[in-house]
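K.L.:
The primary structure of each chain is shown beneath.
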Amino acid sequence: MKRVSLLMRRIAGFTRAVLGGGRARRRLKELRRVDLSQYVNRIISDAVLLNEIPSPTEAESRRMDFIATRLRDFGISNVVTDEAGNVAALFPAFGTRPDFLLVFAEVGDADYSPLGNSVHLAKERAAGHGLAERSAGAAALLVFAEYAQATGFYLDKNLLLLFTPSSSVDENSAALRSFLSEWGAQVSGGLFIRGSGLGTVETRQVGTYWLSIDVRKPERELLAAGDAASAATILGSIAFQIGAITWDPGKSTIVSIARMQAGIGYGHWPSEGTMDVEILSEQEALLETAKNTVTATIQKIATIDEAEVEVTVRAHHSVGDSQRNAPITAAVQETLTQLRIKPETGVIAEKIAMLNEFGIPGAALGITSGKVAFDEEYIDLLPLETGFRQLLLVVERCAGVSNSKEVELQ
Amino acid sequence: MTPDRSESAILDQTYHFGDFADRRKLIDLKKKKKLSISLAFPTLNEEATIAKEILVLKTELMERFPLVDEIAVIDSGSTDRTQEIAMQFGAKVFSSADILRRYGTFRGKGENLWKSLYVLKGDIIVWIDADIANISPRFLYGLVGPLLMHDNVGYVKAFYERPIRLQGELQPSGGGRVTEILIRPLFSLFYPELALLIQPLSGEYAGRRTVLEQLPFSVGYGVEVGHLIDIYHMFGPEILAQVDMEMRIHRNQTIEALSRMGFGILTTFLNRLAKYKEADIVEELGAEHIALTYAKAEHDVVRTPIQTQERPPMQTIAEYVERFGARTKAPAGEAKR
Chain G
1 MKRVSLLMRR IAGFTRAVLG GGRARRRLKE LRRVDLSQYV NRIISDAVLL
51 NEIPSPTEAE SRRMDFIATR LRDFGISNVV TDEAGNVAAL FPAFGTRPDF
101 LLVFAEVGDA DYSPLGNSVH LAKERAAGHG LAERSAGAAA LLVFAEYAQA
151 TGFYLDKNLL LLFTPSSSVD ENSAALRSFL SEWGAQVSGG LFIRGSGLGT
201 VETRQVGTYW LSIDVRKPER ELLAAGDAAS AATILGSIAF QIGAITWDPG
251 KSTIVSIARM QAGIGYGHWP SEGTMDVEIL SEQEALLETA KNTVTATIQK
301 IATIDEAEVE VTVRAHHSVG DSQRNAPITA AVQETLTQLR IKPETGVIAE
351 KIAMLNEFGI PGAALGITSG KVAFDEEYID LLPLETGFRQ LLLVVERCAG
401 VSNSKEVELQ
Chain P
1 MTPDRSESAI LDQTYHFGDF ADRRKLIDLK KKKKLSISLA FPTLNEEATI
51 AKEILVLKTE LMERFPLVDE IAVIDSGSTD RTQEIAMQFG AKVFSSADIL
101 RRYGTFRGKG ENLWKSLYVL KGDIIVWIDA DIANISPRFL YGLVGPLLMH
151 DNVGYVKAFY ERPIRLQGEL QPSGGGRVTE ILIRPLFSLF YPELALLIQP
201 LSGEYAGRRT VLEQLPFSVG YGVEVGHLID IYHMFGPEIL AQVDMEMRIH
251 RNQTIEALSR MGFGILTTFL NRLAKYKEAD IVEELGAEHI ALTYAKAEHD
301 VVRTPIQTQE RPPMQTIAEY VERFGARTKA PAGEAKR
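Chains G and P are the protein sequences, given in the same order. One point on numbering: in my numbering, the residue at position 233 of the first sequence is 233, and numbering is uninterrupted. One point on numbering: in my numbering, the residue at position 253 of the second sequence is 253, and numbering is uninterrupted.
Among the hints, erroneous ones may be present.
In silico PhoX-like links for lysine-lysine, alpha-carbon gap of 25 angstroms or less [claimed, not checked]:
| hint | chain 1 | residue 1 | chain 2 | residue 2 |
| --- | --- | --- | --- | --- |
| 1 | P | Lys-275 | P | Lys-121 |
| 2 | P | Lys-296 | P | Lys-275 |
| 3 | P | Lys-34 | P | Lys-58 |
| 4 | P | Lys-92 | G | Lys-123 |
| 5 | P | Lys-58 | P | Lys-33 |
| 6 | G | Lys-123 | P | Lys-58 |
Keep in mind the hints are simulated off the structure, nothing from the lab. The model shown is predicted, which means the values in this text are computed figures rather than measured ones.
Generate coordinates for the entire structure from the input sequences, incorporating the hints supplied.
P.N.:
Right, dumping it as structure tokens:
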């Protein structure tokens, strides 16, 4: 991604000093009252259009093209894309600071849907697979870009809006990681926008490891002599043994068998099997220990039962750093109080934990209430205006957030 | 015989919606030509899809890009929440029965379209079916584009891939069964130029008021085929254009429903043949669709009356002329009277 010259910022470097905190306070007051109703329909409309783009395409290129085109249609000139498929829009600040506030959303799909994920829009809610988890958040960010461009919204800090391709197949969020690897040093704070979860303040640290275990035994006849364990028996044994471990007295670490499958059915000896294991922990060190112990236990059982076994780490999401995130979660909390939304405590989002890995404080913002479940996914329409106002206020408040890296940069 | 592309006005005026994707350019043309554009949805119990259609098109093409001047729903008396939802999402809602009450009312899509001409204000009228599951702005700007960019075009039809639901799964194509089994053979026999329309029965089309107000309207299923034959005779196929919208997902009708639709369309078709003296209908046509059902080892006869009434051209309606004037200027091709 090319480095964009921030000429405006340098020209008016003194503005911040002149206007100071008074301007920020006035802005917050204005944003509390500004009429945002017209933007609500735009969020819903863009969410529908994004969600219904057939998928998958390479790196979600059709959806990313839709976003890039739309940003340019808004008149934003600083729209850039990178090789990982990310699309970003830059709003330069008046000032000389090189760091920026990152506001980002995921764009993508969880499933093969060549005919699109249809959205059903009713009086109170919009329902459709992928809508609450991804499309509504991306749509809200698009409309934020439109609002910022149309109203001349700017911060004392550069603002970078990032749309990052993502799907459940991409368990490690490769595009976002790629972006952070290149630009992380200049990000002073991050806000992750998603469809549902309005009012959730994510302070609870929980990390995960997703492991896949493949077990293989030599083929044999079902009635052949011998009492060797089958792949099914070995998987059962692994499940029993790792399920019996107490990881810590506070039970903050959990090992869950997410899926288990072996054999091809009656009349056949199960020679192959697979198991997915999910490890969750509130502490990074314990998470690592649990992962190593689970792996070692599996290897030991396999050795005893003379089985070939392969353990693959499918994904690792670190626990996050609530302390580092504190300035941003405080801004979220303050905004929710101002908007009279009762906050609820939630688990730090994987994407924010990833920011934390790069030393960046962050928080996730839900744009409305809704539900994300296997068989049902929807967003409520009524809270959208409040959710969008929350986004504007939090962004304004986060302009003042800095992290330890900034000191080094300046 | 294969039609020669160079001889076919319709194929020459076959576009892709992407040809008209520059919405700012369309808005400039609209302003320059001092035209206004109205969009109407004919509805009957469409609460499942109408909200999305109105919201997406209004947001995109009235607010963000002010291409359309009004959006209306012309409702045939829905018993679900179609009217309430349409109002909530910002459309003007008209009950078909309340428009031009003096002329009575029939239930049918064609009736709604005919009456919409009286209540809509635009110089260009766009009609879009309310059951599209994958609505997109392309359905609207794609239809309006040829009318704004080409003064000789007077009537534009959409065409698309139509997925069909088979055993619960959506297959990418296979829809448009009535077109392929009934209409294309008939057009091939009587109006080979119209057989070059890829989807003559598509429910999304747009026209200049100056053309539409001169057309009679079948109140039921035959409205589209009636329009095409009348345009062919009155203005010539040169004013027809068609636009590829890529894919349209909608609910698929049962074979029984398609059979009734076929009856209505065929009635209009045969009436037009007689009107233009292209065939003699020597006996009065039946007024009921006849079908058979099988249950408990017995066949039962089901007779369904199908709306086949015709509404006269709006220009012959006094109230309309009073409101819009007796305009006559319309794009003209080579009329086949």
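K.L.:
Which numbered conditions among the earlier hints are violated in the structure presented, ordered from lowest to highest?
P.N.:
1 and 2
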